[in-house]
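Asks: Next come the chains, spelled out residue by residue.
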Amino acid sequence: MMGKTIFIDPGRCIGCQACVSACRECDSHRGKSMIHLDYTDPGQSVASLPSVCMHCEDPVAPCAEVCPADAILITADGVVQQADESRCIGCSNCVNACPFGVPKIDLQAKLQMKCNLCYDRTAYGLAPMCATVCPTGALFYGTLEELQAERPGVQVADSFTFGDVVVSTGVAMVVPADKVQWPVPGGLPVVEVNGVDVR
Amino acid sequence: MTIPLDPSIAPPGTRNFRDAGGIPADKWHADQNGETLVPTHCCFCGIQCGMYLRVDKGGKVFGVEPRNHDINRMRLCPKGINAYQQVNHPDRLTAPLMRRSRDEEFREVSWDEALDFTVSEINRIQAAYGKDAFGLLGGASLFSEKTYLVGKFARVALKSRHVDYNGRLCMVSAAGANKLAFGIDRAGNPFSDILLTDCLLIAGSNVGECFPVMTQYLWGARDRGASLIVIDPRETAVARTADIHVALKPGTDAAFFNAVLNVIVRENLTDEAFLAAHCTGWEEVRAKVAEYTPERAAEICGIPASQVVQVARTFAGADKAMAWHARGIEHHSQGVENCLTVINLCAATGNIGKPGAGYGTITGQGNGQGGREHGQKSDLLPGGRSILNEEHRRQICEIWGIEESELPTAGTSMMEMVWQMQRREIRGLIGICNNPFVSLPNYAVVKDGYDTAEFHAQFDFFLSETAANAHVVFPVTTWAEDEGVMANAEARVVKHNKAQEPPAGVRTDTWVICELARRLGAGDKFDFPDSRSVFEELRVASAGTVNDYYGITYERLEETGGIAWPCPSTDHPGTPRLFEDGRTYHPDGTIHMQVVDWHLPMDPYDDDHPMSLTTGRTVAHFLSGNQTRRLGGLVEQTPRPWVEVHPSHGFRSGDPVRVVTRRGSAVFPALVTEAIRPDTVFVPYHWPVPTAANALTIDALDPRSKIPEYKVCACRIEAATQIDEVPAPPTAPGHQAYPETQVSRTDPLPPTAPQGRGTADRS
Amino acid sequence: MGVAVSLLLVVAIVLGSHCLRDFDSALLPYAVASVFLAFGVAYRYTMWISAPGARRLFRQGWRSFFSMDNFRKAPTALPKMIATYLGFQKFLGARSHARWAAHQLMFWGCLLAAAITFPLTWGWFTFTSSTGSGPGYEMRIWGIKVIGYDSASILGWLMFHGLDIAAVLVIPGAAYFLWRRMKDRGAMTGQRFAYDLVPLIALIVVSVTGLLLTFSSIFLHGGGYEFLAIMHMVSVVFTLIYIPFGKFFHIVQRPAAVGMQLFKYTTREDEQIFHCRRCQEPIDTGPYVENLRSTMRDLDLGFDQWAEYCPRCKRVLRGSAYLTQVKKGFK
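The listed protein sequences derive, respectively, from chains A, B and C.
My numbering runs 163 ahead of the 1-based position in the first sequence.
My numbering runs 75 ahead of the 1-based position in the second sequence.
My numbering runs 6 ahead of the 1-based position in the third sequence.
Source of the hints: derived by calculation from the structure; they are not laboratory data.
Each hint should be verified, as a subset may be incorrect.
[Claimed, not checked] Subject to a maximum C-alpha distance of 27 Å in a straight line, what follows is the list of computed DSSO-like cross-link-like pairs (lysine-lysine):
| id | chain 1 | residue 1 | chain 2 | residue 2 |
| --- | --- | --- | --- | --- |
| 1 | A | K342 | C | K333 |
| 2 | C | K334 | B | K324 |
| 3 | A | K195 | C | K189 |
| 4 | C | K337 | A | K342 |
| 5 | C | K96 | A | K195 |
| 6 | B | K522 | B | K206 |
| 7 | B | K135 | C | K189 |
| 8 | C | K189 | A | K342 |
[Said to hold, decoys possible] If you want the footprint, here are the derived chain A segments under chain B, 3+ residues with CB under 8 Å:
| id | stretch |
| --- | --- |
| 9 | 227 to 239 |
| 10 | 320 to 334 |
As the structure is a computational prediction, the values presented were derived from the model and not from experiment.
Beta carbons are placed, not taken as given, at the ideal position from N, Cα and C, and that holds for glycine.
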């Protein structure tokens, strides 16, 4: 795992949405922001979570697997691209299958779009726009070594649990040292205990 | 219902593909046809992040690119990223607007007509009612060169004592405290010192929203083990994760800091050696804080007494500690005193003038620091000189080439000038780079004052709410169409570069001021073709003063990326950190500690007004919003104001809630959150009436700094039936505010969180 | 499958050209290429349709298509979808008006060219003159006279120059896309030569050489005709063989979108809308979500019940799980 990639630390996210505005500046989809910024604790606190595409590695890109048109391609370096314009039929399979809730869909244009790790910038050695501007470093782009040089002792995890399934990803999240061995909870609520619906 | 043939259902937040804020600068195209990157800084807050403006082959600004400047290291906040969209915005004013009375519509006129009319009105008013009957109000988002011109124009061309600026609403409490304690008005340490500290205290500053890029220094310090203390009635983004968050009642800061010092004394955590060597007034301060026990503070501030002790031990126990504060403690009728209690805290623990230990105030406006240094403040002359000091007056008259008798004396503060307009003591006014209809407290009084004035001209590049009420509006340049310097919160002077030519019909503020001066007969004193020539005079005018710019030149700024004043000679490296030699700028070289007694806010609580209203900013908007309320991405993020209330009042998010003070009322959608005190409500102030927080705030002033008490007034909240709608930003006749940017303005819901609507919560 | 389709095509050619009587041997390479094309398309199609995502949507699409019930309820739905989606490609207009216009030019141009070329090369169309050299001509399909016309008439001109008209449509369309691929940063991101540029270049070469053939026969009295004919043939054969393997495969795939659209439309008519388990906002139609979940189960993606939550709730739940179970704040 992990060459240069994005590391997400919701703990230091201030919810300012600089990433959202920055994403709009990206030349490969100018005017349209692909990043999600959710306030995950409304009514209680101002906590927030930025979501870029996690670039799933195992299983490889569920979005691409469920695509009926083979429209989502994965580059050799593990970047899950947004839908190929000539193939995407706008069916929303990827939108609803993605366990992280990342892809967006333009219903009029019948086209899925999503974060492609700023391929237009990373291909030239620039960091993705969101991670470049993030005022707090909640989004960091680089290698794990570079992250640890800036933040002594920081640990990251790159696997997430959804029920019994563990998804490992190309993008990682910062976790406290005692939680490194555990996959990060993906948030799938427990709906059934011993066959009883507990929703 | 007919079902559309095309699929039309998609989950919320996945289908918003409207080009948010489509500014037709280039219709969002990203054509690869060559571009240049112009290095400059952001036009907004006092951090002054570096940025590149992307300029296309046709010479038009069309985008932004992060810049690895050492202030911000490529980081930008949402305002900074969207700032460039102002430059070629369709709402821009491109011809002078004029009317002879407020009953008429504006019409577009030639520059000559607008200038001649303005000058004839100045002459008429001054001839009939005296020189001082005409006033001038500047702004702290102007380049320092222009702020220098504002002061000089008032004193030399208008010959009026009535000049002030909107930093009066912003920085003056800290400035007053700094002058009293240190004899110099600026932050003691650079931002980079934050990375070296062991304990960081942030008082009354929503750093995460108002100075987002500064957060990297906070987190940097914490990554290295520093503890973070945040004093704020609201649990803001930085308070949420702080080691200690003191959610005190608004308007009780002085009691709190006195009590912290009380504990520090009681527990022998003071730095007696430092106090003995470098401070005066400690005995008196110590005697006074003895009255403020943690228990008493707990009662006044509405916090547990143990928190006072905890803060005292953490701050005083740290090897190196720093305190930074902003408007939260400054916008009070005892704003200066609040700042002094923080200074006392730093001085008593010996945390002054060392790497990682010190004190600073975070300026709100881009040139909040530089804007107050060179003479647009009612009592100051260039170089921070006092207009009441004989020696200073003589020096400046010599530089300006006028007789000392011609130089007016000190004027009054911005709010006082409005009162004077109500009383017809000031009958004419020119406003440059300010929007008091949104930014001054007690809107009813402000509107009345301006309406009473016989003549009012305003400089701006968008038609502000204030300009829309004027007789003459001069369309001037944005920051990207001229060059000049600003000084950020660290007192680091940085240079803004010109990225494109102004649109046809638009002139620089410098040109307009000089033209007015020429027509007033002072042309020989205002022979400035450009910013550079003004800066050369400013350098000379500040030479030898505390605020010494003499060693700073455009060339040096371009080479270095910024120089902190004082910088007395061109081989001087500047002074990022003050007091390193243990001396302050008072003649005796000591810190003058000041005794502070807490008192209640000016607006009394009673049964009808039992709660506190506090106001502030949100991350997507800047000050009076004249700039940011026109940028689609920012409107999309936060389309409207709201009232933040605690769940204990029984409202649900989105309910219409009326906030009533003695000055007025307005209905906002409720944002119900546990992140605010139950006895306090919060309303952001970027919007005009009928959704203006400042229609509710009190125009009580600090007796020393004359800053209004924005941060606390008495209020009550009640259920209402319908929220007040946000009006469209004003535009020149025949135009409408660019519709694509205004799509979400009428959204009746509050944002998901104070920082705005989540990306999936946009309608 | 691929072999079967190819054989079928060969049989159709043989029969359609009266046992090769009408077959123009000069066009043999084209016919052979089209047989290869048939093989490739059929092969790719089978491969494509056997993947779970495509298979399930394929079935649902055809099920909606063949449902009498649906037909009775909304007889015009399908023709309208085909016209707006496959014909006028309204959705491309939502992406960009310029691209829509350019694509329409290419689309109709290619369609026209295909409608002329394939029957011609397969010997299905013949043009005969009772006098041997005009001006009265007859057009025959499968040997049956369809229309008679005068070669000097407008109709005659159109018949004779059909492929030239197609080329004139295709060239500006393809040129616009090529220009855009050189200039637009969005288009340039991740663009691949073989996938994105070769098809455009191929179309332009085919069209330009085709036009030059006409130019040569009219103005140059056949000068360079031989060379041009070979160039044209090579480029056409290349393009045909390329279709199943590159960008042009979207031509074959696109109708699937109509199936998807019809499936969603008909299930929505029955008001079978599925709402997010947590926020109650609509996600999509119920059968669609069920279809997706089945697809996910086919693929062994063990979190298919997660599809019952909207993306926002997925993120918010993940965020709150992080807050409560991983870390609340900075540390």
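Asks: Now look at each hint and say whether the structure bears it out.
Replies: Taking the hints in turn, this is what the structure says about them:
With a C-alpha separation of about 9 Å, the suggested pairing of A:K342 with C:K333 holds against the 27 Å cut-off. Note on C:K334 and B:K324: the hinted pairing holds, with a Cα-Cα distance of about 25 Å set against a maximum of 27 Å. Between A:K195 and C:K189 the CA atoms are separated by roughly 19 Å; this keeps the pair inside 27 Å, and the hint holds. Restraint check: the Cα-Cα separation between C:K337 and A:K342 comes to about 12 Å, which is no more than 27 Å; the hinted pair holds.
Under the criterion of a C-alpha separation no larger than 27 Å, the hint pairing C:K96 with A:K195 is consistent with the structure, at around 20 Å. For the proposed pair B:K522 and B:K206, the alpha carbon gap of about 23 Å is at most 27 Å, so the pair holds. Taken as a hint, the B:K135 and C:K189 pair is honoured in the structure, with Cα atoms around 18 Å apart against an allowance of 27 Å. With a C-alpha separation of about 47 Å, the suggested pair C:K189 and A:K342 falls outside the 27 Å cut-off, and the hint is violated.
Only residues whose beta carbon comes within less than 8 Å of a beta carbon in chain B count, and the stretch 227 to 239 of chain A has 0; fewer than three means the coverage is violated. Restraint check on the stretch 320 to 334 of chain A versus chain B: 0 residues with Cβ-Cβ distances below 8 Å, three needed, restraint violated.
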